[in-house]
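K.L.:
Please model the entire structure based on the sequences and the hints provided.
So the sequences go chain by chain: A and B.
Going by the numbering used here, the first sequence opens with residue 351, and the numbers climb by one from there.
Going by the numbering used here, the second sequence opens with residue 351, and the numbers climb by one from there.
It is worth saying that the hints were derived from the structure and are not from the lab.
Be careful, since some hints might not be right.
Copies of the same chain look alike in the list, so a pair counts if it works inside one copy or between any two.
In silico SDA-like links for lysine to any residue, alpha-carbon gap of 25 angstroms or less [unchecked claim]:
id	residue 1	residue 2
1	475	604
2	448	628
3	625	495
4	625	515
5	475	625
6	475	619
7	625	614
8	606	481
9	448	609
10	606	533
11	475	566
Computed from a predicted model, the values in this text were never measured in an experiment.
There are 2 protein chains.
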Amino acid sequence: MTNNMVTVASCQVTLVVGDVEANRQSLRSSIIRAADAGVQVVVLPELANTGYMFTDIDELRAAAEPVDGPTVGEWAALAAERDLIIVGGFAEAGRDGKIYNSAVLVDASGVRACYRKAHLWNTEKADLFTPGSGVPPVVDTAVGRIGVMVCYDLEFPEWVRTVALEGADLLCCPVNWPLYPAPEGERPIEVVKVQAAAATNRMFVAATDRAGRERGQDWLGGSVIVDADGFPLTTLGLGVAGLHIAHVDLSDARNKTISELNDVHADRRPELYFKAERRAHGTA
Amino acid sequence: MTNNMVTVASCQVTLVVGDVEANRQSLRSSIIRAADAGVQVVVLPELANTGYMFTDIDELRAAAEPVDGPTVGEWAALAAERDLIIVGGFAEAGRDGKIYNSAVLVDASGVRACYRKAHLWNTEKADLFTPGSGVPPVVDTAVGRIGVMVCYDLEFPEWVRTVALEGADLLCCPVNWPLYPAPEGERPIEVVKVQAAAATNRMFVAATDRAGRERGQDWLGGSVIVDADGFPLTTLGLGVAGLHIAHVDLSDARNKTISELNDVHADRRPELYFKAERRAHGTA
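P.N.:
The following block contains the structure:
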């Protein structure tokens, strides 16, 4: 297999709830900094246009944008200008009048995919967002196959598996991880789950979190890029804004073997999983 | 919810391939040591009666035993004598003439479950073992609901999910982890996967590995007991034989909530997972 070296960045920024203009400007600066550093794939946080700690649906609705709105438009323009692939989360005002916690993948040709978070976190469920019902996209890009999901989605291994089985080399995941205490000396469990997601599928994963505090909520700032063996390629900069860059050989994710006779995907026993799932739902 | 404090031990022993008598004696000593320390649930390694590095099927066949053979019989006798729950792996000579990489759960009343490893590792596939085709058991015991699987099984989150959805408070997993290099300062990825398995399901997991070297194969010796948040309760004793003991409140695993509005099981979207699995198999 020939090497396929790609430079990936997590833009761990601070955001201001409801101040779409300021957020857009901050993201733009970070994207340009990444492009100047030779990055090819840029991953932004979840709900990067709006921030997170909404008072109510009215505040969210006022800040949300359609997928062809100015935020995604700016990302697409930057992608075209600097030949980037950008994956970023945004509050999406759907044509159906509903608000989604979405992420787009844009490249020089425009918007390649828009995905709506299927597993909503806490107050997102409380009259704010509508959950998505589509399967996460895996997009053939100039640098490799890239999957997209959003934050809590990543904590469902079944969901991660879907993009891996579709041949994603790299899963890009905008997140907003609230800060929870971890035992002394332990890595945040969100990062542990990213490592396991990668290793379980021999797939690279780039999760981009936010830094700072917003209306009393501290963010973990746990952005991490992990290799196909599940080990971090970037140093955690917990809580601090910054650009995290990794050079990855995406071709490594196309080799699913982990021993002479083992392959992390071919070794699955889906017929047994269905049987077990039916047992769990009492329809065995 | 009332507390349900239980003492669990991983017996990380050394084993000698093919020397069933010596292995049985070594396991018996370790089980008695655990019972003397007040342990209620004892977890032994995979293939604990036989060792692992078989030259060929004849050597394996000569050492394998039926589930009503002397090794499991001794564990059942010890369980009755000391009022223990013992989960241990053994090479099982099936009535069908095939050899399985199995694990039993025995308690004072005898053998409660026998499970055959469904995901075989490397040379296990090469004319040695037949893969199981049953769903992993979850047994109602005097101390709580205990699930059983074997080694590589644990690296398939779909499989772990099945025992969690059946209400396992604790997943006991006999393993034989070959030693692979990990980057400096990184925890072995097998342990990371155990942490993620636990946290993803809010379920305790006890994995018992072996120590030492056998026919040129070094064992990781990565036994670990993790809590329902995914954090280790025991200190890794990599490569060294020893007893690892944890005091766990199994009732904590019956609470699946991780935020005011989130529940790690209720938040699943199985209908979407089926849709995605069908896409992966081209039958969408």
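K.L.:
Now tell me, hint by hint, if it's right for this structure.
P.N.:
Status of each hint after checking the structure:
1. 475 - 604: Cα proximity of residue 475 and residue 604: across copies only (23 angstroms, versus 36 angstroms in one copy).
2. 448 - 628: neither (33 angstroms within a copy, 28 angstroms between copies)
3. 625 - 495: between (31 angstroms within a copy, 20 angstroms between copies)
4. 625 - 515: both (20 angstroms within a copy, 13 angstroms between copies)
5. 475 - 625: between (31 angstroms within a copy, 23 angstroms between copies)
6. 475 - 619: For residue 475 and residue 619, only the inter-copy Cα distance (14 angstroms) is at most 25 angstroms; the intra-copy one is 34 angstroms.
7. 625 - 614: both (20 angstroms within a copy, 21 angstroms between copies)
8. 606 - 481: between (32 angstroms within a copy, 20 angstroms between copies)
9. 448 - 609: between (47 angstroms within a copy, 24 angstroms between copies)
10. 606 - 533: Between. Shortest inter-copy distance 20 angstroms satisfies the 25 angstroms Cα cut-off; intra-copy 33 angstroms does not.
11. 475 - 566: Close inside one copy (20 angstroms), not across copies (55 angstroms); limit 25 angstroms.
Checked against the numbered hints given earlier, this structure breaks only hint 2.
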